[in-house]
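Asks: One-letter residues, chain by chain:
Protein chains: 2
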Amino acid sequence: MEIDDIVNKIVELDDNRRIGDLHKFLEDVNSADFPMIFEGIKDERIMMVYRLLSKEKAAEVFVELDHDRQEELIRLLTDNEIKNIMNEIYMDDAADMIEEMPADVVKRILANTKSDNRKIINELLKYPDDTAGTLMTTEFIDLDENMTVDQAFKVIKEKGLRKETVYNCYVLAKDRTLLGVVDVRSLLVSERDVFVKDIMDTNVIKVGTLEDQEEIVKLFDKYSCVAVPVVDKQDRLVGIITIDDAIDVMQEETLEDFEKMAAMKPTEDTYMKTSVFTHAKHRITWLLVLMISAMITGGIIEHFENAIATLPLLVAFIPTIMGTGGNCGSQASTLIIRGLAMDEITTKDLLRAMLKELKVGLLVGIGLSIIETAIIMIQYHDLNTALVISATLILTVIVSKQLGVLLPIGAQKLGLDPAIMAAPLLTTVSDTVSVLMFFSIASSVFGL
Amino acid sequence: MEIDDIVNKIVELDDNRRIGDLHKFLEDVNSADFPMIFEGIKDERIMMVYRLLSKEKAAEVFVELDHDRQEELIRLLTDNEIKNIMNEIYMDDAADMIEEMPADVVKRILANTKSDNRKIINELLKYPDDTAGTLMTTEFIDLDENMTVDQAFKVIKEKGLRKETVYNCYVLAKDRTLLGVVDVRSLLVSERDVFVKDIMDTNVIKVGTLEDQEEIVKLFDKYSCVAVPVVDKQDRLVGIITIDDAIDVMQEETLEDFEKMAAMKPTEDTYMKTSVFTHAKHRITWLLVLMISAMITGGIIEHFENAIATLPLLVAFIPTIMGTGGNCGSQASTLIIRGLAMDEITTKDLLRAMLKELKVGLLVGIGLSIIETAIIMIQYHDLNTALVISATLILTVIVSKQLGVLLPIGAQKLGLDPAIMAAPLLTTVSDTVSVLMFFSIASSVFGL
Chain A
131 MEIDDIVNKI VELDDNRRIG DLHKFLEDVN SADFPMIFEG IKDERIMMVY
181 RLLSKEKAAE VFVELDHDRQ EELIRLLTDN EIKNIMNEIY MDDAADMIEE
231 MPADVVKRIL ANTKSDNRKI INELLKYPDD TAGTLMTTEF IDLDENMTVD
281 QAFKVIKEKG LRKETVYNCY VLAKDRTLLG VVDVRSLLVS ERDVFVKDIM
331 DTNVIKVGTL EDQEEIVKLF DKYSCVAVPV VDKQDRLVGI ITIDDAIDVM
381 QEETLEDFEK MAAMKPTEDT YMKTSVFTHA KHRITWLLVL MISAMITGGI
431 IEHFENAIAT LPLLVAFIPT IMGTGGNCGS QASTLIIRGL AMDEITTKDL
481 LRAMLKELKV GLLVGIGLSI IETAIIMIQY HDLNTALVIS ATLILTVIVS
531 KQLGVLLPIG AQKLGLDPAI MAAPLLTTVS DTVSVLMFFS IASSVFGL
Chain B
131 MEIDDIVNKI VELDDNRRIG DLHKFLEDVN SADFPMIFEG IKDERIMMVY
181 RLLSKEKAAE VFVELDHDRQ EELIRLLTDN EIKNIMNEIY MDDAADMIEE
231 MPADVVKRIL ANTKSDNRKI INELLKYPDD TAGTLMTTEF IDLDENMTVD
281 QAFKVIKEKG LRKETVYNCY VLAKDRTLLG VVDVRSLLVS ERDVFVKDIM
331 DTNVIKVGTL EDQEEIVKLF DKYSCVAVPV VDKQDRLVGI ITIDDAIDVM
381 QEETLEDFEK MAAMKPTEDT YMKTSVFTHA KHRITWLLVL MISAMITGGI
431 IEHFENAIAT LPLLVAFIPT IMGTGGNCGS QASTLIIRGL AMDEITTKDL
481 LRAMLKELKV GLLVGIGLSI IETAIIMIQY HDLNTALVIS ATLILTVIVS
531 KQLGVLLPIG AQKLGLDPAI MAAPLLTTVS DTVSVLMFFS IASSVFGL
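Protein sequence lines correspond, in order, to chains A and B. Our numbering puts the first residue of the first sequence at 131, with every later residue one more than the last. Our numbering puts the first residue of the second sequence at 131, with every later residue one more than the last.
Read the hints as simulated data drawn from the structure, not as lab findings. Don't take each hint at face value.
Derived lysine-lysine pairs resembling DSS-like cross-links, with alpha carbons at most 27 Å apart [claimed, not checked]:
id	chain 1	residue 1	chain 2	residue 2
1	A	336	A	304
2	A	249	A	172
3	A	327	B	287
4	A	327	B	327
5	A	352	B	403
6	B	284	B	327
7	A	395	B	336
8	B	336	B	348
9	A	348	B	403
10	A	287	B	348
11	A	172	A	403
The shape of chain A in the complex, shown without the other chains:
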């Protein structure tokens, strides 16, 4: 059912005061669709719809909403309703939400939270941003190695956690250190009297609480995990990260990379939700840096003022030379930056990659210059100009492709983010170099 149809159905049922039917209908709607539904119905109706949901559904839907809508709801809900939500939702979601709320709302939320949960939330809030500690949920199923499969099933049934957290069960020693992991599939295909220790996998992929989220996502990708356990410095299990959270991080990191590669400071919110002022703030820093760097290229052109005065036609080729250089550089740097991000390329590959780009650059440069020569000959019937432009093109392509390898890998070696060496900065550097080569070659050929 499309969102529009759901919205129409809600409006119809509400207009006809068929509240019982509306309640039943809403329970069957996927929780993940509610943010879009709330966008589609009038503000007055949102609270009515929300209050019709069962306790469990209300909590599920709450978690799906964005922080602005959550804040709005909290302000309108009674203390009892807030209590219900805080009893139902998972503590990692609670901590995420609280981090984004203004102080008065946080106060009201915590006043309506059980004291053990309050402690867990406070613990979670202590971890630095973008680490395993902030991603993990503290709810998981822990088993004893001497349990049988049958006993393990009883533990799972009693705990009855949400779906992402039951696929793996963790076997802990008395001191809560992690001994092994049993996936739900192994439990299901084993006989009921088999011991957990005989089917557990002791070769566990795990991370520390301070592990960076980017590294964690790579683990999920490489080992096709559905959950990864998080341990403290004493190897004690403190939480697990589930695949749904890993996917969110994946999307977030991708968007960040795109933003960095287009010379912007990453934003937390979606495009439409980010204010005009924040957009401007996140863009202007790099634009300023790049604008001032472009003046260096301008300075080089100014330096060759006499050459230009003698042969004004040269200026007409500046866009071609600069554009081709920039595009070639960004092709190479994009591939290198992605390769570094995916661990397919390491800093050790510098020379191999440079050699590869040298060959690619030679092929591409020669190809482009043949076409360019033909065009110039047809348009201006001037072989000297054609030769100068062609030579410059080949050199520009090669040099900018080398820069496209060198700058990102160099940044990585220096511990900087390679993504900042993407198109915008690289283009500015390659502009300078290519314009310098162009006028130097032209001056010496034409004796300017």
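Got chain A; can you put chain B on it based on the hints?
Replies: Just chain B now, with coordinates in the frame of chain A:
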């Protein structure tokens, strides 16, 4: 354990002829680590190591390898060994592999495949690329709605599929149409005598066999699924797509977007594995298009030859104007392209986005031009030049940000991929526009 340590251990055990220990050691190594391990050991040792693996492990490792290595192995393995692999691996993996192999290898593989499996593979190979049909696996657990939870557990135990496929069980009618889904968690927390029909979810998120893989990935992201059922036109269940395959597609699509946005045709292989010639081929088409488009900008500059002859200083500002325009445009277009890809922005948002960018452009443009005016006044003490550049800058920023919204959304409206409207093409268009504005303003102010 790091890959290097694993490789050293293998070499040590092999050198000391401790084959039994080596066998035991290899069984505990994660299958996903073998591609890297094989890169680290000598070719002669690869076959020895591979042959030491148990039947199940050998099949698991085989699936993890890239197609070149798979082909190499197939050529070296006996018919019996190939049979073992084909009996163990899943048919979607088999179809993926066969698609990449040369005809003689395919022949040998199929000759060693059971006839029912051969049929399944042939069916899978018929689906168009990048659709649900090529992504899905045909192994899944199907239940009858009148079974009890206990009976369902028996079915799961007998089938004993790989881990990604047991999280959801599908409830089918007699004609194999999909009635509902039961997740393993619901089975585990229910009493043993409850009927499947009473706990199944009938509101199933499903896709058709021809659904595009990009849309499928969005479903996984939005609804936090671990598996999505695939149905044919008659709503009969034909396969399921599991989260691990969805993540692979996610990574693949991201890389493709990066490549398109840097003016390249996407490659299937990793950077290092792609040949120099393929790299060159995938890059030169767009470079040519962009190079020739840049000549339009060149033509505009040529048109203003007299203005340049009178005031050569103007040329020195071309890089600043062109660079700023290009960067502003690519900032806007990157955000719009990502927003479109993530369904956060639709073509209906055109006017809202343009208005937003108008405001951002005004703020950024004024900010940049204040700094630029200051720099020009310090460097050249020339108010007129400063005013011309500043006015051009503001206009350039605004216009290129508008283009950054208009071109991707326009492409989407025309059914084209918005990513091709990213930085390179946009920069070329904004170069032309900004140079034209620059010289027009300069000519009229200075009366050139």
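Asks: Can you confirm whether the C-alpha distance between residue 249 of chain A and residue 172 of chain A stays at or below 27 Å?
Replies: 38 Å, violated
Asks: CA of residue 395 of chain A to CA of residue 336 of chain B, is that 27 Å or under?
Replies: 37 Å, violated
Asks: Take the C-alpha atoms of residue 287 of chain A and residue 348 of chain B, compute the straight-line distance between them, and say whether it is at most 27 Å.
Replies: 32 Å, violated
Asks: Hey, residue 327 of chain A versus residue 287 of chain B, does the alpha-carbon distance stay inside 27 Å?
Replies: 19 Å, holds
Asks: Next pair to validate is residue 336 of chain A with residue 304 of chain A; report whether the Cα-Cα distance is within 27 Å.
Replies: 19 Å, holds
Asks: Take the C-alpha atoms of residue 172 of chain A and residue 403 of chain A, compute the straight-line distance between them, and say whether it is at most 27 Å.
Replies: 19 Å, holds
Asks: Given the proposed pairing of residue 284 of chain B with residue 327 of chain B, does the C-alpha separation stay at or below 27 Å?
Replies: The hint holds at about 17 Å.
Asks: Please verify whether residue 327 of chain A and residue 327 of chain B have alpha carbons no more than 27 Å apart.
Replies: 35 Å, violated
Asks: Under the criterion that the straight-line Cα-Cα distance not exceed 27 Å, is the pair residue 348 of chain A, residue 403 of chain B satisfied?
Replies: The hint holds at about 20 Å.
Asks: Run the distance test for residue 336 of chain B versus residue 348 of chain B: straight-line Cα separation, threshold 27 Å.
Replies: Roughly 12 Å between the alpha carbons, so the hint for residue 336 of chain B and residue 348 of chain B holds.
Asks: For the pair we were handed, residue 352 of chain A and residue 403 of chain B, check the Cα-Cα distance against 27 Å.
Replies: Holds, at about 18 Å.
Checked against the numbered hints above, the structure violates hints 2, 4, 7, 10; every other hint is satisfied.
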